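Now that you have both chains on their own, put them together as the hints suggest.
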Amino acid sequence: MLLVVTYARAARQTLRNVCDAHEDCVVRRFGRAALLRETEFGAFQALRLREKHGDDVQVERTAAFNEFADAPERVRSAAEAYEARDAASTPYAKFAAGSEEHPDPESLRDSEL
Amino acid sequence: MKVALGGVQRRGRTVDLRSVDVTASEVAAAVRDPDDDRVCSQRPTAVHEHVGVLDREVSVPVRAALAAAARSRGARTEYDGDLRAVEAELAEVSVASVDLAGARERVAETAEDVERLRERVARVSGRVEARRGVGDADAAAAEEALADANRELAAAETEHHAAQEALERARRRAREARDARERRLSLEDRLANLRRDARRALAERWGERFQRALAALPFADEPTGPDAFEGPNWVAGAAVARLAAPGAPLVVGSSLFSNATRASAALDAPVALVEV
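Protein chains in written order, with our numbering: chain X, 1 to 113; chain S, 1 to 276.
In case anyone wonders, no lab produced these hints; they're calculated from the structure. Hints should not be assumed to be uniformly reliable.
[Claimed, not checked] Pairs of lysine to aspartate or glutamate, DMTMM-like flavour, derived with a Cα cap of 20 Å: (1) S/K2 to S/D268; (2) X/K52 to S/D99; (3) S/K2 to S/D35; (4) S/K2 to S/E26; (5) X/K94 to X/D104; (6) X/K52 to S/E182.
[Claimed, not checked] Simulated restraints, written as ranges between beta carbons of each label pair: (7) S/R172 to X/N66: 23 to 31 Å; (8) S/R73 to X/R37: 51 to 59 Å; (9) S/S125 to X/A97: 52 to 60 Å; (10) S/G225 to X/R37: 42 to 50 Å; (11) S/G126 to X/Y82: 36 to 44 Å; (12) S/R172 to X/R9: 23 to 31 Å; (13) X/L35 to S/V93: 26 to 34 Å; (14) X/G54 to S/V276: 37 to 45 Å; (15) S/E115 to X/N66: 24 to 32 Å; (16) X/Y82 to S/R200: 43 to 51 Å; (17) S/R43 to X/A33: 28 to 36 Å; (18) S/E49 to X/E83: 55 to 63 Å; (19) S/A101 to X/A33: 18 to 26 Å.
All figures in this text were calculated on a predicted structure; none of them were measured in a lab. Beta carbons are placed, not taken as given, at the ideal position from N, Cα and C, and that holds for glycine.
Looking at chain S on its own, in the form it has when it is part of the complex (with noise of 0.2 Å):
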């Protein structure tokens, strides 16, 4: 790798950052950019992402990372074909977005016209009734009123009605959207359950390598499979660390290991070594 941090340059399999002012998670995320160049190094496999920084406050999910550990090194399971199967009718999935709330919006205002203009061809006609009869002038402009509100009316009901059916027809429409939405979910689901039963698998029948990873490593006492291990959650990080191909450099901070060769040798990687 080749390291351009706060004004210090390194390159090697590993470096040691311990003077240069960064955090763990700075260099991680520099590693991880391919277009971030104060680090240049191999692309990171999947695994990195579990344990590509490691010290005493990592929270690492031991079995997923075993497993992405695992098919770091090409381990393959009964359930990759389905998973690949299930992967690609995903991707043929499409859904599409429907917008209805404008269309309700609209629904609900011209219900509110319609209202509002009822309420005043009731109010005016009432004033027509009062009139009929007196003959004045009032009543027959009271008259043109009313015939003024009743076209108002008309045209209103005409609007609501209008939006009623545009309603309906992107009901319609979102509802075929959501048949390809449950679908959707259906897959995601299936691609969910059969990715843990890959999982269980590779974490499985990597135990035994994990238990001599763990052996391998200068924090242990008693080294252990995935699910009995008792011990602190950063050193089954290392022991994931140990047994993966993480492609890229591992960051490992200054309170596991004081020298970046040891460290290096001991997680079997590239490292780069930060001060904690």
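Just chain X, same shape as in the assembly (with noise of 0.2 Å):
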């Protein structure tokens, strides 16, 4: 999908006539920032805010994240492990550094996808 991020008064407001004019194109909203379909379509209508607004938009291309394909196992189970966790308070270092198999945060921090 296309993200669309607004960073001006200006820029949010023609954004928001699009989404209004366009539903079709568009995926979801937020606020000052919308996903528009990955269609011609919606490119056209990205970089038409972005000519008008120059700087002011930003727009990225987003990829659907699947957890089994584009993240390890020991990330997955870590996260599941860490939510069934005893006591709330604990945070993910102290946790992390009492079980043997969960990675510590800083070597998570190190390691793109």
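What follows is the structure in structure tokens.
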């Protein structure tokens, strides 16, 4: 999908107008951002916004996240185990340190997906 | 005021321009432009933008105009301190412009080059395979063509890599610049909210004065507050004009008043009367 984020009042207003006028190309709206369908029409609207408002409009292309293909098993199981922890107040660093199998937050931070 | 328009020269607190072939908006533009010496007068205050021109066709945002009128009379609100603080903060925000389009285009172009040269290497290397063992002069030429193609491919890959790195650097800079834009946007939103609150407070506090101004005009039968008023919009505009200190002359259409002096008395302001 195309993620359009606006950074100025005028750009935000134009994005709202585009979303109101072309609901069919909008997947979701978030205040000053929106996800547009990945069609040439979606690209046309995104580019039109950028043409009009320059750097006040950011356009990115998003990809679906498949945790089974995109994230290693140790990350999935760490997330699952952490959410099933006994004490809600335990920070993840402490939780990982107390177990053998879960990666510490630093190593997670240093590993690109 | 001093007016020199369409060959006519007038001077005074009220001027009658009904005989001059000029529109209300032209006169108003001349009033507001300090460099336009066709009309010389005092500088307009902000409320002049709302009620500087009065005829039956105007569309005046009553609350905003009433608030601007209150401001022109020196009214203050409890939001003013915050307003000034946010304005000052906003003036401090500077946003850099980062050109990502050039870097993106370079990445796309070099990627195309790499793709094209890869295909060429594959083609040439197929030819080399076919002639291997035949041992003719063509085989040597094909080998040479392959070496050429590989060199070009390597160069294109290096360039593509450099373009990608340049784009990555530009993206990082753009991200930082967006932090500033984000900050500016939230300050602008805060400023807009404060201005709206201040307008509401002023319009409420000046509601009674608005009512009195309506009563003093020769138009409305039933004077009310600004929100309850259901009469023509231009009447509300005239009431706002009456209680405002517009600074510069008001440009009034002959559909409202047929006498400049009477218009000036009713609106309590200098008036230029124009034919509409």
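query = Is 36 to 44 Å right for how far apart the beta carbons of S/G126 and X/Y82 are?
reply = The hinted range 36 to 44 Å is violated for S/G126 and X/Y82, with Cβ atoms some 54 Å apart.
ask   = Does the Cβ distance between S/E115 and X/N66 fall inside 24 to 32 Å?
value = holds, 27 Å
key: Range hint compliance [Cβ, S/R43 to X/A33, 28 to 36 Å]   = violated, 42 Å
ask   = Taking the CB of X/G54 and the CB of S/V276, does the distance hold inside 37 to 45 Å?
value = holds, 41 Å
task = For the range 42 to 50 Å, tell me whether the beta carbons of S/G225 and X/R37 fit it or not.
result = Because 49 Å falls inside the window, the suggested range holds.
key: Satisfaction of the hinted span 23 to 31 Å by the C-beta atoms belonging to S/R172 and X/N66   = Since the Cβ atoms of S/R172 and X/N66 sit about 27 Å apart, the hinted range of 23 to 31 Å holds.
key: Pairwise beta carbon distance, X/Y82 to S/R200, judged against the given window 43 to 51 Å   = holds, 48 Å
request  = Hint says 51 to 59 Å; check whether the CB-CB distance for S/R73 and X/R37 agrees.
outcome  = Once the Cβ atoms are compared, 54 Å apart, the range 51 to 59 Å for X/R37 and S/R73 holds.
20 Å limit on alpha-carbon distance, applied to hinted pair S/K2 and S/D268 = Distance ~19 Å between S/K2 and S/D268 Cα, so the pair holds.
20 Å Cα cutoff - pair S/K2, S/D35 = With a Cα-Cα distance of about 14 Å, the restraint between S/K2 and S/D35 holds, given a limit of 20 Å.
query = Can the restraint linking X/K94 and X/D104 be considered satisfied, given a maximum Cα separation of 20 Å?
reply = holds, 9 Å
Pair hint outcome, S/K2 versus S/E26 [Cα-Cα no greater than 20 Å] = Status holds; Cα separation ~15 Å.
Of the numbered hints stated above, those contradicted by the structure are hints 11, 17, listed in ascending order.
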